[in-house]
Amino acid sequence: MASTHSSDSEAGDSVTGGDATRPSDHMDAPTPAPESKITQPKLGLAGYGRFFWRQLTSMRTALFLLLLLAVAAIPGSLVPQITSDPNGVIAYRNNYPDTAAILDFFQVFNTYSSVWFSSIYLLLFISLIGCVLPRTKHHFDALRARPPKTPARLSRLQGFTTRTTEADVTTTIDSARGLLRSQRYRTELYGDSVSAERGYLRETGNLVFHAALVGVLVTVGIGGGFGYTGQRVVVEGYAFSNSLASYDSFNPGRFFSDDALDPYTVALDSFEPVYEIENQQAIGQAIDFTANVTTTVRGDEPQQSQIKVNEPLSLSGTNLYLLGNGYAPVITVRDADDKVIWSQPTPCLPFDANLGSTCIIKVPDGLDQQIGMLGFLYPTAGTLSSGALASVYPDLVSPVLTLEVYEGDLGLDNGQGTNAYSLNTDSLEQIAGRSSDAETLRLTPGDRLELPNGLGSVELTSIPRFVSLDVHHDPSQLPVLLFAMLLFGGLITSLFVPRRRMWVAATTDAAGVTTVEYAALARGDDPNLEAAVADFADKHSQQLRVRVES
Amino acid sequence: MTETLVSYSLIAVYSAMAIYTFAFIMFAVDLARRSAESSDASAASATGLAAASAQQASVMQAASSGGTATLTASPASTGDAAIVHSPKSLRIAMALTVIAWVLHVSAVIFRGVAAGRVPWANMFEFTLTATALIVGVFLLVQFWQDLRFLGSFITGFALLALGVGTSSFYVDVVPLPPALQSAWLVIHVFVASLSTGFFALAAGLSVVQLMQSRREAGKALKLRFLDTLPAADRLETLAYRLTVVGFVMWTFTLIAGAVWAERAWGRYWGWDTKEVWTFIIWTIYAGYIHARATRGWRGSRSAWLAIVGFAAVIFNFTVVNLFFKGLHAYSGL
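Each protein sequence line maps, in turn, to chains A and B. If you read the first sequence in the numbering used here, its first letter stands for residue 1, the second for the next number, and so on. If you read the second sequence in the numbering used here, its first letter stands for residue 551, the second for the next number, and so on.
Hints are computed from structural coordinates only; laboratory data are not their basis. Check each hint, because a few of them may be wrong.
From the derived model, a few chain B residues whose C-beta atoms are all more than 12 Å from chain A [to be verified]:
{"id": "1", "residue": "S585"}
{"id": "2", "residue": "S588"}
{"id": "3", "residue": "G662"}
{"id": "4", "residue": "G768"}
SDA-like mimics (lysine to any residue), calculated; alpha carbons at most 25 Å apart, straight line [stated by the list, open to error]:
{"id": "5", "chain 1": "A", "residue 1": "K539", "chain 2": "A", "residue 2": "Q285"}
{"id": "6", "chain 1": "A", "residue 1": "K137", "chain 2": "A", "residue 2": "M485"}
{"id": "7", "chain 1": "A", "residue 1": "K362", "chain 2": "A", "residue 2": "P399"}
{"id": "8", "chain 1": "A", "residue 1": "K42", "chain 2": "A", "residue 2": "D28"}
{"id": "9", "chain 1": "B", "residue 1": "K824", "chain 2": "A", "residue 2": "P75"}
{"id": "10", "chain 1": "B", "residue 1": "K875", "chain 2": "A", "residue 2": "Y421"}
{"id": "11", "chain 1": "B", "residue 1": "K824", "chain 2": "A", "residue 2": "R181"}
{"id": "12", "chain 1": "B", "residue 1": "K875", "chain 2": "A", "residue 2": "A72"}
{"id": "13", "chain 1": "A", "residue 1": "K149", "chain 2": "A", "residue 2": "N528"}
{"id": "14", "chain 1": "A", "residue 1": "K308", "chain 2": "A", "residue 2": "A336"}
{"id": "15", "chain 1": "B", "residue 1": "K875", "chain 2": "B", "residue 2": "V809"}
{"id": "16", "chain 1": "A", "residue 1": "K308", "chain 2": "A", "residue 2": "L349"}
{"id": "17", "chain 1": "A", "residue 1": "K137", "chain 2": "B", "residue 2": "V809"}
{"id": "18", "chain 1": "A", "residue 1": "K149", "chain 2": "A", "residue 2": "T31"}
{"id": "19", "chain 1": "A", "residue 1": "K308", "chain 2": "A", "residue 2": "T295"}
{"id": "20", "chain 1": "B", "residue 1": "K824", "chain 2": "A", "residue 2": "A100"}
{"id": "21", "chain 1": "B", "residue 1": "K824", "chain 2": "A", "residue 2": "M485"}
{"id": "22", "chain 1": "A", "residue 1": "K308", "chain 2": "B", "residue 2": "L735"}
{"id": "23", "chain 1": "B", "residue 1": "K875", "chain 2": "A", "residue 2": "K362"}
{"id": "24", "chain 1": "B", "residue 1": "K824", "chain 2": "B", "residue 2": "V798"}
{"id": "25", "chain 1": "B", "residue 1": "K824", "chain 2": "A", "residue 2": "T171"}
{"id": "26", "chain 1": "A", "residue 1": "K339", "chain 2": "A", "residue 2": "Y247"}
{"id": "27", "chain 1": "B", "residue 1": "K824", "chain 2": "A", "residue 2": "P479"}
{"id": "28", "chain 1": "A", "residue 1": "K308", "chain 2": "A", "residue 2": "K362"}
{"id": "29", "chain 1": "B", "residue 1": "K875", "chain 2": "A", "residue 2": "Q231"}
{"id": "30", "chain 1": "B", "residue 1": "K824", "chain 2": "A", "residue 2": "V218"}
{"id": "31", "chain 1": "A", "residue 1": "K539", "chain 2": "B", "residue 2": "V798"}
{"id": "32", "chain 1": "A", "residue 1": "K339", "chain 2": "A", "residue 2": "Q231"}
{"id": "33", "chain 1": "A", "residue 1": "K308", "chain 2": "B", "residue 2": "R845"}
{"id": "34", "chain 1": "A", "residue 1": "K308", "chain 2": "B", "residue 2": "L710"}
{"id": "35", "chain 1": "A", "residue 1": "K362", "chain 2": "A", "residue 2": "Q285"}
{"id": "36", "chain 1": "B", "residue 1": "K875", "chain 2": "A", "residue 2": "T295"}
Using N, Cα and C, we set each Cβ at its ideal position, and we do this for glycine too.
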């Protein structure tokens with residue numbers, strides 16, 4: 001058998017499968033020579049460089065980094081993340097300010113873009129590239145090379161078996177070669193033997209898999225930078241346009257520029273939810289949401305479309321997703337002279353599955369003092385045993401809106417941004433509600449009640465619905481999908497295509513009987529190797545028998 | 551109508567559990583019998599072991615002069631004993647498992663018909679279907695390799711999971727929320743559950759492998775039934791081959807999940823808790839496959855990774871589903 005460091009190497013490595021381009025601690029790498037006590041020469045700068053590079057691209061390091069990556073991903077699942085659960089982060093900061101400071105220091109609220117998480121996967125990918133590049137070159141060479149010479153003693157290889165035949169050596173070898181070729185082996189004749197190799201696709205798949213991983217990372221990193229996501233609440237009967245100013249919140253990618261926004265408008269004609277009414281176990285559970293919209297792309301006719309959960313709407317390179325819905329009651333406030341000073345829908349934040357919602361109404365102008373109202377909307381009001389109201393069904397069956405009214409300074413004029421969905425009562429005085437003389441106002445649609453102190457009146461005009469739409473533009477999507485498919489294909493071929501070498505050698509004795517030897521060698525996991533050799537030997541002798549007889 | 555079918559489903563699953571219990575007992579009896587017989591036939595097994603170690607030696611010799619080849623594909627070195635034995639207790643155990651499994655699958659089907667959709671949309675249904683798939687993989691794998699010695703592990707596991715599922719996770723049939731109304735529910739969840747079947751078997755094999763390699767290293771283990779089981783390196787090869795099938799499916803689950811997430815939530819990847827744990831499991835098994843190709847890591851170390859991987863699968867299914875906040879909030883509890 002050829003030694004590991006054989007010099008015959010048209011395939012670039014030895015017959016036994018030792019693969020010199022693998023990291024030295026890879027199973028397929030040549031077995032390291034037993035260590036002898038050699039005084040090593042001092043390493044220069046380049047020597048150290050080579051040493052660290054070799055360490056980084058070794059299998060052991062890759063394995064260590066892989067497992068470290070798995071461990072490093074855990075904290076992000078235990079602590080709320082800014083990207084996926086911003087409200088959770090706010091709550092966490094309020095509840096545990098001390099721990100939050102430590103977590104902030106370690107960037108745990110941003111685990112997956114933190115310095116430490118990024119360094120682990122970047123090192124892993126450098127290690128991967130350093131490992132894959134030389135192998136790719138080697139594989140290209142191997143694809144052009146001839147199968148290696150037949151080893152001298154096949155009996156020491158796997159699946160060794162012999163058959164005898166009356167055919168002569170040339171016929172035997174020719175038919176073996178033909179049969180090997182029909183089984184998609186590459187063949188090469190060496191004297192009275194044929195050397196064959198198959199399964200190059202295994203290594204190709206392996207390289208494609210790893211390259212595709214790099215591809216995914218790069219496209220996510222670069223392509224994602226050109227995208228953006230925007231959120232917008234739209235009330236029935238209203239529209240929004242795809243422009244920076246009209247979004248409630250907007251997250252541009254790193255390389256985003258304003259002209260990336262294709263101008264179009266989307267009007268919400270109606271929103272139709274369907275709730276379960278028959279199944280007693282699930283009364284009120286949402287079973288379908290449909291937003292009927294009219295879209296207008298500049299220069300085109302308006303078009304009617306639908307947006308549903310799981311069925312986003314594609315428009316001018318963006319996707320519109322239906323991610324939430326609720327009620328936006330229209331409140332009309334009039335002053336003492338019956339003049340309308342406020343009349344518009346207010347989207348209310350749902351706090352339970354039956355769409356019990358909190359409404360914040362801020363009326364800054366028109367009265368002597370600013371008015372703030374804290375409302376609770378119950379789409380189908382029911383009374384709890386405690387006497388409190390609660391929503392018992394999410395649809396509008398018997399809606400009730402309660403309002404606590406405040407008077408004073410809303411804090412809108414100090415130049416600081418305020419949250420539209422919360423009411424800061426520090427500079428406000430309650431004039432109707434639990435802690436004032438006047439009772440909480442309680443309205444059903446169409447009701448109009450007087451405000452205390454002769455300020456005017458408030459009316460619940462109507463209760464339209466709202467939807468919250470997410471608008472996404474992500475140019476990385478398609479390339480990432482393509483790389484994912486390459487990755488999957490590469491994985492399957494690299495795991496299930498057997499790569500093996502097979503040899504057939506023939507000798508004739510004085511009596512004219514030809515002995516045929518068969519043996520093979522696995523390159524990588526190949527559990528069926530021995531069966532494959534035996535099967536081949538059987539087929540081959542069968543074929544020879546037919547030839548001799550005919 | 552729905553209620554009738556739901557009760558049929560429950561009757562079927564309780565009956566399946568009862569029969570799994572008997573199957574589990576018979577598999578345990580079989581392990582005890584193996585222990586007893588192996589000490590009777592100590593002479594025979596000694597020969598077997600000698601043969602095995604001779605083969606081992608030749609393998610080592612070949613390995614020292616060559617590469618992978620000789621190490622990876624050592625054929626059934628022992629295990630001949632296990633093939634010869636097909637005694638009554640084992641055959642009864644297998645027959646009981648098949649009967650229980652048929653009932654189990656009918657429970658899944660009744661549940662699906664009752665709900666008018668695929669029966670995997672909440673914790674109870676995940677448990678019901680995934681255990682049926684795990685036992686199904688166990689039964690199907692027997693046509694390829696004799697792994698009946700894992701019977702007590704698999705039936706015991708299925709029994710425990712079904713017990714917890716019916717008592718703690720049970721919810722009535724409710725319609726699908728809009729987010730789950732997608733063809734991806736059928737594909738993504740099914741493939742994920744199927745891959746757990748392969749991971750479960752591989753983990754079982756890895757546990758036996760660890761015990762076997764301790765025994766082969768000459769450490770005193772009183773589990774004499776190990777004499778009748780395949781050698782550690784054979785167990786490792788089997789575990790590896792099952793794991794790579796599971797790994798391919800898990801990769802598919804990840805990709806399909808990302809495609810679905812893009813449709814339903816507007817982004818293909820967002821580090822949701824369930825996504826994180828699916829990624830962690832994928833990384834652990836990727837580590838396992840690399841460990842098998844790393845000198846010094848083949849053998850017991852990679853076996854531990856297979857076990858840790860399966861533990862993470864169980865964690866992902868239970869703790870993450872029930873206690874972690876995230877978008878995959880479909881436990882129904």
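Distance restraint between K339(A) and Y247(A), which requires alpha-carbon spacing of 25 Å or less: 31 Å, violated
Straight-line Cα separation of K362(A) and P399(A) no greater than 25 Å? Given that 25 Å is the threshold and the Cα spacing comes to 21 Å, the pair holds.
Keeping to a limit of 25 Å between CA atoms, is the pair of K824(B) and V218(A) held or broken? 24 Å, holds
Within a Cα-Cα threshold of 25 Å, do K308(A) and R845(B) meet the stated pairing? 53 Å, violated
Could you grab the alpha-carbon distance between K137(A) and M485(A) and see if it respects the 25 Å cut-off? 23 Å, holds
Holds or violated: K308(A) to K362(A), with C-alpha atoms at most 25 Å apart: 32 Å, violated
Find the nearest Cβ of chain A to the Cβ of G768(B) and say whether that gap is larger than 12 Å. 25 Å, holds
Agreement of K149(A) and T31(A) with the hint, judged by alpha carbon distance not exceeding 25 Å: 21 Å, holds
Given the hint that K42(A) pairs with D28(A), does the C-alpha gap stay at or below 25 Å? 30 Å, violated
Between the alpha carbons of K824(B) and M485(A), is the straight-line distance 25 Å or under? 22 Å, holds
Could you grab the alpha-carbon distance between K308(A) and T295(A) and see if it respects the 25 Å cut-off? 15 Å, holds
K875(B) and Y421(A) were given as a pair; does the straight-line alpha-carbon distance stay at or below 25 Å? Given pair K875(B), Y421(A) holds - Cα atoms ~23 Å apart, limit 25 Å.
Comparing the model with each numbered hint stated earlier shows that hints 5, 8, 11, 14, 17, 23, 25, 26, 28, 31, 32, 33, 34, 35 and 36 do not hold.
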